Amino acid sequence: MKITFALFAALTLAASAFAVEVGKTAPDFIGTDINGKTVKLSDYKGKIVVIESYNSDCPFCNNQYKTGAMQDLQKDLAAKGVVWLLVNSVNPKNFSHRTPDQAKQEIADKKIVANAWIDDSSGAIGHLYEMKTTPHMFVIAKDGTLVYDGAIDNQSDPFHDPRTANNYVRDAVNDLLAGKPIEISQSKPYGCAVHYAD
Amino acid sequence: MLSVLLGLAALTAQAAHTQVELLLSAAAAKPGDTIWAAVDMKMEPGWHTYWKNPGEAGIATAIKWQLPPGVTAGEIQWPLPKKIPPAEVTTYGYTNEVMLLVPLTLASNLSAGPIDLKGNVSWLECKDVCIPANQDVEEKLNIGSEAKTSADATKIDAWNKKVPQTNAFYQFQAWWESTTNDMRPFVMSNGRGGADKNIKFDSVDFFPDVSDQFEVQAPTVVLSAYSAEIRLRKSIKKYSGDWPKEITGVLVLQAGDSREGFEIKMHVADKAPAGETISATESLPPVSPAPPLWQMLLYAFIGGLILNIMPCVLPVIALKILGFVREAHSEPRRVRNLGLIYALGVLVSFLALAAVVIGVKSAGHHAGWGMQFGSPIFIVCLTTLVTLVALNLFGVFEVAPGGRALDAAGELAAKPGTPGAFFNGVLATALATPCTAPFLAPALGFAFSQSVATIILIFLTVGLGLASPYVLLSWNPAWLKFLPKPGAWMEKFKIAMGFPMLATVVWLLNIATASYGKNVLWLGVFLVIVAFAAWVFGDFFQRGRKHKGIALALVFLLFSSGYFFVLEKELNWRKAMPEADATGSLKESADGIDWQRWSPEAVAAARAAGKPVLVDFTADWCLTCQVNKGTSIEIPSVRAKLKEINAVAFTGDYTHTPDIITKELNRYNRAGVPLVLVYPRNPDAEAIVLPEVLTPGIVLNALDRAAH
Numbered sequence: 147m148k149i150t151f152a153l154f155a156a157l158t159l160a161a162s163a164f165a166v167e168v169g170k171t172a173p174d175f176i177g178t179d180i181n182g183k184t185v186k187l188s189d190y191k192g193k194i195v196v197i198e199s200y201n202s203d204c205p206f207c208n209n210q211y212k213t214g215a216m217q218d219l220q221k222d223l224a225a226k227g228v229v230w231l232l233v234n235s236v237n238p239k240n241f242s243h244r245t246p247d248q249a250k251q252e253i254a255d256k257k258i259v260a261n262a263w264i265d266d267s268s269g270a271i272g273h274l275y276e277m278k279t280t281p282h283m284f285v286i287a288k289d290g291t292l293v294y295d296g297a298i299d300n301q302s303d304p305f306h307d308p309r310t311a312n313n314y315v316r317d318a319v320n321d322l323l324a325g326k327p328i329e330i331s332q333s334k335p336y337g338c339a340v341h342y343a344d
Numbered sequence: 033m034l035s036v037l038l039g040l041a042a043l044t045a046q047a048a049h050t051q052v053e054l055l056l057s058a059a060a061a062k063p064g065d066t067i068w069a070a071v072d073m074k075m076e077p078g079w080h081t082y083w084k085n086p087g088e089a090g091i092a093t094a095i096k097w098q099l100p101p102g103v104t105a106g107e108i109q110w111p112l113p114k115k116i117p118p119a120e121v122t123t124y125g126y127t128n129e130v131m132l133l134v135p136l137t138l139a140s141n142l143s144a145g146p147i148d149l150k151g152n153v154s155w156l157e158c159k160d161v162c163i164p165a166n167q168d169v170e171e172k173l174n175i176g177s178e179a180k181t182s183a184d185a186t187k188i189d190a191w192n193k194k195v196p197q198t199n200a201f202y203q204f205q206a207w208w209e210s211t212t213n214d215m216r217p218f219v220m221s222n223g224r225g226g227a228d229k230n231i232k233f234d235s236v237d238f239f240p241d242v243s244d245q246f247e248v249q250a251p252t253v254v255l256s257a258y259s260a261e262i263r264l265r266k267s268i269k270k271y272s273g274d275w276p277k278e279i280t281g282v283l284v285l286q287a288g289d290s291r292e293g294f295e296i297k298m299h300v301a302d303k304a305p306a307g308e309t310i311s312a313t314e315s316l317p318p319v320s321p322a323p324p325l326w327q328m329l330l331y332a333f334i335g336g337l338i339l340n341i342m343p344c345v346l347p348v349i350a351l352k353i354l355g356f357v358r359e360a361h362s363e364p365r366r367v368r369n370l371g372l373i374y375a376l377g378v379l380v381s382f383l384a385l386a387a388v389v390i391g392v393k394s395a396g397h398h399a400g401w402g403m404q405f406g407s408p409i410f411i412v413c414l415t416t417l418v419t420l421v422a423l424n425l426f427g428v429f430e431v432a433p434g435g436r437a438l439d440a441a442g443e444l445a446a447k448p449g450t451p452g453a454f455f456n457g458v459l460a461t462a463l464a465t466p467c468t469a470p471f472l473a474p475a476l477g478f479a480f481s482q483s484v485a486t487i488i489l490i491f492l493t494v495g496l497g498l499a500s501p502y503v504l505l506s507w508n509p510a511w512l513k514f515l516p517k518p519g520a521w522m523e524k525f526k527i528a529m530g531f532p533m534l535a536t537v538v539w540l541l542n543i544a545t546a547s548y549g550k551n552v553l554w555l556g557v558f559l560v561i562v563a564f565a566a567w568v569f570g571d572f573f574q575r576g577r578k579h580k581g582i583a584l585a586l587v588f589l590l591f592s593s594g595y596f597f598v599l600e601k602e603l604n605w606r607k608a609m610p611e612a613d614a615t616g617s618l619k620e621s622a623d624g625i626d627w628q629r630w631s632p633e634a635v636a637a638a639r640a641a642g643k644p645v646l647v648d649f650t651a652d653w654c655l656t657c658q659v660n661k662g663t664s665i666e667i668p669s670v671r672a673k674l675k676e677i678n679a680v681a682f683t684g685d686y687t688h689t690p691d692i693i694t695k696e697l698n699r700y701n702r703a704g705v706p707l708v709l710v711y712p713r714n715p716d717a718e719a720i721v722l723p724e725v726l727t728p729g730i731v732l733n734a735l736d737r738a739a740h
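Heads up: the sequence lines are chains A and B, in that order. Under our numbering, the first residue of the first sequence is numbered 147, with each subsequent residue one higher. Under our numbering, the first residue of the second sequence is numbered 33, with each subsequent residue one higher.
Some hints here could point you the wrong way.
Footprint (simulated), chain A over chain B, 3 or more residues, beta carbon under 8 angstroms [to be verified]:
hint	stretch
1	108-122
2	152-160
3	577-585
Each computed DMTMM-like pair below joins lysine to aspartate or glutamate, with the alpha-carbon atoms no more than 25 angstroms apart [as the list claims (entries may be wrong)]:
hint	chain 1	residue 1	chain 2	residue 2
4	B	K270	A	D317
5	A	K334	B	D736
6	A	K334	B	E120
7	A	K334	B	E278
8	B	K114	A	E329
9	B	K84	A	D321
10	B	K115	A	E276
11	B	K270	A	E329
12	B	K270	A	D303
13	B	K150	A	D303
14	B	K114	A	D344
15	A	K170	B	E120
16	A	K226	A	D303
17	B	K270	A	E167
18	A	K288	B	D214
19	B	K269	A	D321
Residues of chain B clear of chain A, computed beta-carbon distances all greater than 10 angstroms [what the hints assert, rightly or not]:
hint	residue
20	D65
21	P164
22	N192
23	P196
24	W207
25	R216
26	K232
27	S272
28	A287
29	H299
30	L553
31	Y595
32	S631
33	R699
In case anyone wonders, no lab produced these hints; they're calculated from the structure. The model shown is predicted, which means the values in this text are computed figures rather than measured ones. A virtual CB, placed ideally from N, CA and C, is assigned to each residue, including glycine.
Only chain A is shown next, with the shape it has when bound in the complex (with noise of 0.2 angstroms):
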């Protein structure tokens, strides 16, 4: 009977493990940064993490790259102790994708600050959080809580500079940091389609 019990525990807690839902534990995942470092999510739990679908050929993303708000807003939560994940779920064929190599020359021209860039071309962490657009943006509290789902801001054009806009996620942060609940937990995250492997 114990056998038939923990199988049915494992199914059950493995269905629900799937969901992401804002309230609940995040969905932990394994990935392999651009320098074939092992990036597992349950080893940043007692820091808040940001998790960015990334895609800089998106002009949303692009956008908020060219102008230097997400820039800003990286260099100021890594000043706040603020993990930083950056997931690309780009599948290989695409012209997006980016090799470790060109990955990490972006990051260089892009001064992007980040603790690492996942190569997630099989698109398992994409799909494990349901990601649809880039950029589509997550906050995990301390706890592994998922605090924030959505759109990075509430401008949803590609042409307009983004600090002009109200930012979700330093207002999700700022939130956590503050000890307050979160204001806007969810919103829909616009941009274009994550081009996934078929």
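Mind docking chain B on chain A? Use the hints.
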């Protein structure tokens, strides 16, 4: 190099993959007129632009007008878009070409002469990459005392017809199916019966309007696609604020080549309207809303229990009884453990089945229960397996070394071993699947439209039902005292039980005929070789004293030559013959029912001719279907009734699980056969769905109702 090019493309509209042009419906207009301005967007192959609700990604095309005083632009009228894959990020948009239409109102005091109409169109175009682009457009219009249409007017008019309109016929209501935290399913329906004609649409969908606070998710479950009752299940993800009380969007209907959209607005009620719950249990509606999960799990459990006494499990029950007798006299702890291992075997098999269903489901196929029996490879493997079981029962060879102790069962407490119990569980499952017992069918029908977690849960519950009597008995060994005492009769009984197994093999061979035709002879030859190999294995390897190695080598030689020469070369077992496409009557005897081959068109034609219709979906591997046919359909009273009411009878063969029948089964919330339908004489009336297990009374009664 390429990146440079694309970088340039992103910055300059000229290099865009979409050509944009402003067209006007009029060459000249009078003050006070309203004319159409059309932004014509032509996209290169593979590229798309977006609808007013772009969906899960993308951005809607926008127009910024620079119009002279006295000219006012209205809202963009959007032609019906289409869903753009992939499924994980579904968007709504246009490919090839679209005209976005804008009404321009000219003030009545507008002075005569040419005016310049200018605008800036901005859009996002995507293929493997997304590129934002914008372009200035400009057109001249003459204001005068005469109105004159332009050369583009016809084309603009054609696009105007593609803009969804409201239609009084499509009045929808919606209600929440459950009230969960983040994501809520709802059902939308246009009520029932309001139509004068009952058309079946090829596809029905709902494209929602955009909202910041919530998003109607892209996947749609079609519950009913009849014009008299369109019913869809969608779900909403909420981002902020309260749950919406009203949902607006476009109903998309397709029949053949014609595809139309209708603007609809519906109120979302907290629960289903009263009439809906009644109709779910009464008057056999074509599609009933799915019952709650606990009820489905209960049915699944009861269905699993019933599987224990279904004809196709009976031979295995014999195996199990043997096991009981043997184990009742060994230590209770061991009995309990074996009971649990048996249960585990059942559960693991059901998990494997669930995995297959999930796999098939995600592969986009319409899976049907019992479908594994439609696969010839599966049938060959199962036939071989059951043959080996029969030979084992005859004592030709043993499954586990030491199993021979059974011969002296009276003196020894047999230790049948863990693999035996596990294998029993697996075999019970494999044989049980085609018996879609009455309680099981709705549960599985429900499972096919559910999430992965629910499918797993339902399959496991069926497995628990199948295993529970055995587990219960092994847990309370006291009840086993009622079982007969072991003795020499047991060995005879065991051998006797080999014959039902042989009967099963014959039945399986009969099924295999459908896939291999006369070549099934070679399957028989293979079975004889396997039987010979089993004997060599049992008598010379297991029980022999000398030359064991030679015996084993011979067994391998027999198996491999049997496999390569018979199965691969002669039978070509992995490539079954395609099903013969016979037409005309499928009469089984001279005075039998004049069965016609089922197709949706044939049924429609017979109904149009004002005839009642009987449809029997069946399969060679479906025993319940054969029983139904023998006891309640192919009988004199039903034959006479069919003639009396001048009905047409159709039979649909689900042996090889053709997609078209799977679709029809799913429409009636069934995951497998049997499914028997009776269509009334009145072509507008819904089909009467007969229960899974039939009696002559049920069939005759339904035919009587159909005749009126």
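Hints and how they fare:
For the stretch 108-122 of chain B, the assignment as covered by chain A holds, since 3 residues bring a beta-carbon within under 8 angstroms of that chain's beta-carbons and 3 suffice. For the stretch 152-160 of chain B, the proposed coverage by chain A is satisfied: 4 residues have a C-beta within less than 8 angstroms of a C-beta in that chain, meeting the threshold of three. Counting residues of the stretch 577-585 of chain B whose CB lies closer than 8 angstroms to any CB of chain A gives 0, so the stated coverage by that chain is violated, three being the minimum. Pair hint B:K270 plus A:D317 holds up; C-alpha atoms about 20 angstroms apart against a cutoff of 25 angstroms.
Note on A:K334 and B:D736: the hinted pairing is violated, with a Cα-Cα distance of about 56 angstroms set against a maximum of 25 angstroms. This hinted pair checks out: A:K334 and B:E120 have alpha carbons roughly 15 angstroms apart, not beyond 25 angstroms. Note on A:K334 and B:E278: the hinted pairing holds, with a Cα-Cα distance of about 19 angstroms set against a maximum of 25 angstroms. Note on B:K114 and A:E329: the hinted pairing is violated, with a Cα-Cα distance of about 36 angstroms set against a maximum of 25 angstroms.
Between B:K84 and A:D321, the direct Cα distance comes to roughly 34 angstroms. Violation of the 25 angstroms bound is thereby established for this hinted pair. About 19 angstroms separates the Cα atoms of B:K115 and A:E276, which keeps this hinted pair within 25 angstroms; it holds. As the CA atoms of B:K270 and A:E329 are separated by approximately 15 angstroms, the hinted pair is consistent with the 25 angstroms bound. In summary, the hint linking B:K270 to A:D303 is supported, as the alpha carbons are separated by about 22 angstroms, within the 25 angstroms threshold.
Straight-line distance between C-alpha atoms of B:K150 and A:D303 comes to about 22 angstroms, which keeps the hinted pair within the 25 angstroms bound. With a C-alpha separation of about 20 angstroms, the suggested pairing of B:K114 with A:D344 holds against the 25 angstroms cut-off. Proposed proximity of A:K170 and B:E120 is supported: the alpha carbons are some 22 angstroms apart, at most 25 angstroms. Straight-line distance between C-alpha atoms of A:K226 and A:D303 comes to about 29 angstroms, which puts the hinted pair past the 25 angstroms bound.
For the suggested pair B:K270 and A:E167, the alpha carbons sit about 12 angstroms apart, so the restraint of at most 25 angstroms is met. Between A:K288 and B:D214, the direct Cα distance comes to roughly 22 angstroms. Compliance with the 25 angstroms bound is thereby established for this hinted pair. Of the pairs offered as hints, the one joining B:K269 and A:D321 holds, with about 24 angstroms between alpha carbons and a cut-off of 25 angstroms not exceeded. Every C-beta of chain A lies more than 10 angstroms from that of B:D65, the closest at about 34 angstroms, which supports listing it as non-interface.
The beta carbon of B:P164 sits about 4 angstroms from the closest Cβ of chain A, which is not more than 10 angstroms, so the claim that it is off the interface is violated. Taking the minimum C-beta to C-beta distance to chain A, about 28 angstroms, the non-interface status of B:N192 holds against the 10 angstroms cut. With a closest Cβ-Cβ approach of about 23 angstroms to chain A, B:P196 is found to remain outside the 10 angstroms limit, as its non-interface label requires. Taking the minimum C-beta to C-beta distance to chain A, about 24 angstroms, the non-interface status of B:W207 holds against the 10 angstroms cut.
At roughly 13 angstroms, the least C-beta separation between B:R216 and chain A is larger than 10 angstroms, which holds for a residue marked as non-interface. Every CB of chain A is more than 10 angstroms from the CB of B:K232 (nearest about 32 angstroms), matching its label as outside the interface. For B:S272, the shortest C-beta to C-beta distance to chain A comes to about 7 angstroms, within the 10 angstroms cut-off, and the non-interface label is violated. For B:A287, the non-interface assignment is confirmed: its Cβ lies about 30 angstroms from the closest Cβ of chain A, beyond the 10 angstroms cut-off.
Interface exclusion of B:H299 from chain A stands, the closest Cβ pair being 23 angstroms apart, more than 10 angstroms. Non-interface status of B:L553 relative to chain A is upheld: no Cβ of that chain comes within 10 angstroms, the nearest being about 43 angstroms off. With a least beta-carbon separation of about 35 angstroms from chain A, B:Y595 lies farther than 10 angstroms from that chain, consistent with its non-interface assignment. Here B:S631 stays apart from chain A, with its beta-carbon at least about 34 angstroms from theirs, past the 10 angstroms limit.
Against chain A, the non-interface label of B:R699 holds: every CB pair exceeds 10 angstroms, the least being about 28 angstroms.
The structure does not agree with the numbered hints 3, 5, 8, 9, 16, 21, 27 stated previously, though it agrees with the rest.
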